[in-house]
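Chemist: Work the whole structure out from these sequences, hints included.
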Amino acid sequence: MVELGIPLWQLQVVTSIGILGVWIGWRGGMSNMIGFYDLPTATRLLLYGFFAGALYQFLAASMVLDPIWMGTGLPIVEGFLLSLSFSLLTMFLLTRQGVRLLNGQPTAGWTFGLGVGSMLVVLLIYRLVTTSGAGFLVSGFGISTLIFGLILAAIVPWSMAIIAAWQGWNALEGRRFKPAFKAMFLHTTLLFTLAIGLNYPWFLPILPAMIFIGQKRADEVWLISGLSPRMKQEWNRLQRTGVATGVRSVAPEEESE
Numbered sequence: 000m001v002e003l004g005i006p007l008w009q010l011q012v013v014t015s016i017g018i019l020g021v022w023i024g025w026r027g028g029m030s031n032m033i034g035f036y037d038l039p040t041a042t043r044l045l046l047y048g049f050f051a052g053a054l055y056q057f058l059a060a061s062m063v064l065d066p067i068w069m070g071t072g073l074p075i076v077e078g079f080l081l082s083l084s085f086s087l088l089t090m091f092l093l094t095r096q097g098v099r100l101l102n103g104q105p106t107a108g109w110t111f112g113l114g115v116g117s118m119l120v121v122l123l124i125y126r127l128v129t130t131s132g133a134g135f136l137v138s139g140f141g142i143s144t145l146i147f148g149l150i151l152a153a154i155v156p157w158s159m160a161i162i163a164a165w166q167g168w169n170a171l172e173g174r175r176f177k178p179a180f181k182a183m184f185l186h187t188t189l190l191f192t193l194a195i196g197l198n199y200p201w202f203l204p205i206l207p208a209m210i211f212i213g214q215k216r217a218d219e220v221w222l223i224s225g226l227s228p229r230m231k232q233e234w235n236r237l238q239r240t241g242v243a244t245g246v247r248s249v250a251p252e253e254e255s256e
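Number 142 in numbering that gives the first Met the number 0 belongs to position 143 of the sequence shown; there are no gaps in the numbering.
Everything labelled a hint here was simulated from the structure, so no lab data went into it. The reader is advised that the hints may include incorrect statements.
Computed list of lysine-lysine pairs in DSS-like fashion (alpha-carbon distance at most 30 Å, straight line) [to be verified]: (1) Lys-181 to Lys-231; (2) Lys-231 to Lys-177; (3) Lys-231 to Lys-215.
Restraint-style ranges between C-beta atoms, simulated for each label pair [what the hints assert, rightly or not]: (4) Gly-4 to Glu-172: 38 to 48 Å; (5) Ser-30 to Trp-201: 22 to 32 Å; (6) Gln-96 to Leu-136: 44 to 54 Å; (7) Gly-139 to Val-220: 40 to 50 Å; (8) Pro-207 to Gly-70: 20 to 30 Å; (9) Leu-58 to Phe-202: 18 to 28 Å; (10) Leu-54 to Phe-184: 14 to 24 Å; (11) Glu-172 to Thr-129: 40 to 50 Å.
Where a beta carbon is used, it is the ideal one built from N, C-alpha and C, also for glycine.
Modeler: Shown next, in the form of structure tokens:
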């Protein structure tokens, strides 16, 4: 039988905290978009994010995070390669026909980022609980670790959602590969910030600052960019009056009928 390093119930708590990041990022980031996005596609991309995140967390740990924590090197090249691969995967998923049908790239990107980010948080908290001697701010299964885990759950999935939504907006605008390379730098910065932030938490406030700036841009441009003209009218009416009339999302070809 494989040893987990911690009791199963502790692993379940760790996983639950990571998944809580999905709720935080969804409610906090897309609360204004309720009723205005392609929910089936967004949900499907969230599930893809969970699966992709399971692989991403493993590769991030083995290629980038563990070498930094063990003091065996600074894997900059590996970080860029991993981040580029992930950015290209994100762009590939967001340009599929099923996502493009209702111009859902930005919101689908948001939920995909939430799924991947939540899995990364599970890894980070698991390392905090099971690793000793790495100089982490907190370690072991205790209140301080759980509180720190909640902080990570609040900022990591949200940060990755913003990056993926930005990629989705670029895909909607017809830009694919150049944004993927830019996203590579953002994801690499995020990984190294997290790797260092577990030891030196004063690096972590970079992420809330990024969320504040990115969320403002997402609310004003990215997330609403896929709305049809009729939906944009409804959106503007909602912003003015706080009352929606329940116009559903329609495909561009339906809009012209």
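Chemist: Has the hinted range 38 to 48 Å been met by the Cβ atoms of Gly-4 and Glu-172?
Modeler: holds, 45 Å
Chemist: Go ahead and decide if the range 40 to 50 Å is satisfied by the Cβ distance of Gly-139 to Val-220.
Modeler: holds, 43 Å
Chemist: Just to be sure I understand the hint, the distance between the Cβ atoms of Gln-96 and Leu-136 should be within 44 to 54 Å; is that true here?
Modeler: holds, 45 Å
Chemist: Can the restraint linking Lys-231 and Lys-177 be considered satisfied, given a maximum Cα separation of 30 Å?
Modeler: This hinted pair holds, its Cα atoms lying about 28 Å apart.
Chemist: Assuming the hint says 14 to 24 Å, is it satisfied by the Cβ distance from Leu-54 to Phe-184 or not?
Modeler: holds, 21 Å
Chemist: Look at the Cβ atoms of Glu-172 and Thr-129 and judge whether their distance stays inside 40 to 50 Å.
Modeler: Holds - the Cβ-Cβ distance for Glu-172 and Thr-129, about 43 Å, lies within 40 to 50 Å.
Chemist: Does the beta carbon distance between Ser-30 and Trp-201 stay inside 22 to 32 Å, or does it fall outside?
Modeler: holds, 30 Å
Chemist: Can the restraint linking Lys-181 and Lys-231 be considered satisfied, given a maximum Cα separation of 30 Å?
Modeler: holds, 29 Å
Chemist: Check the following: the C-beta atoms of Leu-58 and Phe-202 are separated by a distance inside 18 to 28 Å.
Modeler: holds, 22 Å
Chemist: For the pair supplied as a hint, Lys-231 and Lys-215, confirm whether the alpha-carbon distance does not exceed 30 Å.
Modeler: holds, 18 Å
Chemist: With 20 to 30 Å as the target window, see if Pro-207 and Gly-70 comply at their CB atoms.
Modeler: 28 Å Cβ-Cβ, so the 20 to 30 Å window holds.
The structure is consistent with each of the numbered hints, conforming to all of them.
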